[in-house]
Amino acid sequence: MNRINKALAQHKKLISIYFTAGYPQLEDTSEVIKRLAEAGTDVIEIGLPYSDPLADGPVIQKSSEQALKNGMSTQKLFQQLKDIRKEVDIPLIVMGYFNAMLQFGVEDFCKECEAIGIDGIIMPDLPISIYERDYKALFETHGLKFVPLITPETSVERIQTIDALGDSFVYMVSSSSTTGGEKGFGEEAMSYFKRISDMQLTNKLMVGFGIKDAHSFEQASRFTSGCIIGSEFIRRLTNEGMHGIEPFIKSLK
Amino acid sequence: MSKYKVDEQGFYGDFGGAYIPELLYPNVEELRQNYKQIIHTEDFQKQFKSLLKDYVGRPTPLYLAENLSEKYKTKIYLKREDLCHTGAHKINNTVGQILLAKALGKHRIIAETGAGQHGVATATVCALMGLECIVYMGAKDIERQAPNVARMKMLGAKVVPATSGSKTLKDATNEAIRDWINHPKDTHYIIGSVVGPHPYPDMVTELQSVISKEVKAQMLEKEGRELPDYVIACVGGGSNAAGLFADFMDHEEVGIIGVEASGKGVETTESAATTILGREGIIHGSKTLLMQNTDGQITEPYSISAGLDYPGIGPLHAHLFKTGRGKFVSITDVEAMEAGLELSRMEGIIPAIETAHAFAIFKYLDFKEDDVLVFNCSGRGDKDLETYRKYFGY
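Going line by line, the protein sequences match chains U and B.
What the first sequence shows, in numbering that gives the first Met the number 0, is residues 0 to 252, in sequence order.
What the second sequence shows, in numbering that gives the first Met the number 0, is residues 0 to 393, in sequence order.
Since the hints were derived computationally from the structure, they do not count as laboratory data.
Keep in mind that a hint or two might mislead.
To be verified - Looking from chain U toward chain B, a few residues come up when the C-beta cut is under 10 Å (computed):
no.	residue
1	25
2	64
3	65
4	67
5	72
6	99
We put the CB at the ideal spot given by N, CA and C, even for glycine.
Looking at chain B on its own, in the form it has when it is part of the complex:
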């Protein structure tokens, strides 16, 4: 029995569950009763695998970053999720959920998005499957992420601005949930991360676990063993991390490192380091660690990377943190930008700023020369060029 997988009630230790209004119960319950069974059918697996291979471009390479390895005197592999279609791991999940939605007979798809990566990944699979697609996005984010808004529109999605609250990701998620309440029959909600009510964290982890499955096989091929010494990934909500950690969590000898964004520093009010600044509470239907004031009002996080400024983390990660199974490190904007530049200069890979956070951990952690580290290179930096350009003055 796994210590880190979800239990029958939908909890990871103290975290998770489905703290949802009764209005949402039928939708979530329909999903809960069916997701496992559908995902494990031969038909689903066949379609899922085929799309991942021929459409997404999997398996993604496990690349030995020799220059970086030499500099930090340890063995560093990158799992190249940045090479996936649409530029990040996000599409693994949307391909899976769109097949699930079809199996459930849903013809209307809704999603939330922060920076727009999940929105684009959702709009992409909706275009592929010919399903109606509505993406909720914070009004502020729509302004900040114009290229992704254009991508979604080109793919045929309707982008609806969330104008409530802080007008960012958490509010877009609220709006998507409200939409789902208002459309209980024909709509499937594709959540983009391992957050939300059970079964979402488990379902998204399962769909993203293709990452860790491939790593195992590739490790065997390259290193003659399945298990690396460390798996390392950035954590906003935590879907790329969950995907990388999934099949290693129960192997206690594999170190798990989650990297959060501390923005301008955890001592400032502009941060997204949830394991440091958060307390147990409920957000978007899940009991987890989240940033909130003493009254339980959810506070607005900050990070230079739009994909990491979520005020909570997935309940799986809260559990990994609380049990001490996972180590969490927080990285500032400045450290992340420098790490992004270093990866570009040393390996010729411009990472997404979210991803860049993970590569900044060497300042805080030491590794042995014969350690094998696998980083999730979760997304590419195309979407962040404007931010990089401004920051470095190119």
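Okay, chain U solo, but in the shape it has when bound:
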């Protein structure tokens, strides 16, 4: 069974952490992964930095910019991750923008991911229609779970289409906004979480965008399988360095 699905099958609220590869220092990638795993993170999203990250707010934009300045590249990331499976067994997802994948060659990209032991891919700007038509078979051949996104604006009909495309989890964007937004969730967000949960989708649900602490984590995971934290984690990493990782993960539980 794919590591992501194994994690989702546990009866607990999963903590998924996004970080930008090659940040703060170029060679920090595997160290961050190891420390996250040791601290009790359940899923890790490895961000492949991109020059024009449309769906991301200022914190991730900045870390991406820095990582690129540090010399991060697709090839470099795959090199850094070459032996990562000797170190950790945690589910690993690569998150990036589609142009980087396209330029590397979608098939080669999938092959590299499989060889490393990557479990899934999140490409926010790869539309589901094109994924289904051109790449679904390829992803499946290489054992990669494609994680689609939904937002509060996504129609019920489209959610059903999206649900039919995958068999791991759907990335539920908490509000219609780029990453790194507000603190805590109001009634509207809570009823959205519940509404989607009540749809009883094939895929599990993980909530991302706007989760910062134990309170927002509890709120966003109340009706779902867990949460994805990106901007807040990067903020901590920036301010506190590697030592900040463990206390932050522990503080969420």
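Given the structure of chain U, go ahead and fit chain B onto it with the hints provided.
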């Protein structure tokens, strides 16, 4: 069936589409489902035509440039888009999109701008219609284009600096897209060129196609035939070119020439000649030709004209290039400045530096004496006086 128009899936051959985050899907989908139907209503057409006529000042003249014709021994017409209100063709699109935004019930308008021409054209129609206007502009461009920033502010727009990345047009576009993601219900995004996700390239082409429609009628009147031998325009994103090419693309006997900015030369790192330096990839939601490194990171283009330093070209132009239907020529800063000076001295028309690029092609292309060429004189040079002044030392 047109070979060069967008297909049902939003593609021009291999290019186009809507490579957008799901967060943007509802916004773009609402537009996709409605734009054609709205644009083709009688009510829209009536308002659009009336504003183009009485507010923008259309039809713009098709002017026979006799001095230039004599020098280059061919027949040269200028489509005088520089005479439009606000000084360029950009307003054709913003007038159309503001009507579309109103029809969709949107009351908040956002736009990106590079040199500020599209920002001014957007701020202008927002003032006219009483809609809130927010223009994203690269922090660097805000410094470089102070008069246009002042114009936008005077027109009541809020100008927001884009401080990410290279702090220029591509980053302003990213910020506008992020704003749209954050405001999915009440906001319409007026893109200024034939770029971005489907349906933008098609919609902007359609709104700008008034240029080629007028040329046809004016050609008939002046030359006794609808079709010129060549249509020629500068291409940054490519909206003035798309507007001029639109109704001629399917007439294979009409030569199509797009003129790109090669900045300090395609052999340098300071260039914006996308068809030469670019590869297929995705930018701002569209699959097209774009300048990028081997890793797919988008690189920063350069041209002396702020309106041409966009790292991609519209998917329609990428298609015209790839199929060989369009010929693309690239012109350096120096060549463009000289051509701008020549047009000023010979015809008494000071063009925008973007526009000037098109007039520099005679160094590279030969035409027959009885050829009829139509150039899109897409904008006037007022905004560039400071650059011209410094360059020529006036």
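Structure-based check of each hint:
{"no.": "1", "hint": "25", "in the structure": "14 Å, violated"}
{"no.": "2", "hint": "64", "in the structure": "7 Å, holds"}
{"no.": "3", "hint": "65", "in the structure": "12 Å, violated"}
{"no.": "4", "hint": "67", "in the structure": "6 Å, holds"}
{"no.": "5", "hint": "72", "in the structure": "5 Å, holds"}
{"no.": "6", "hint": "99", "in the structure": "4 Å, holds"}
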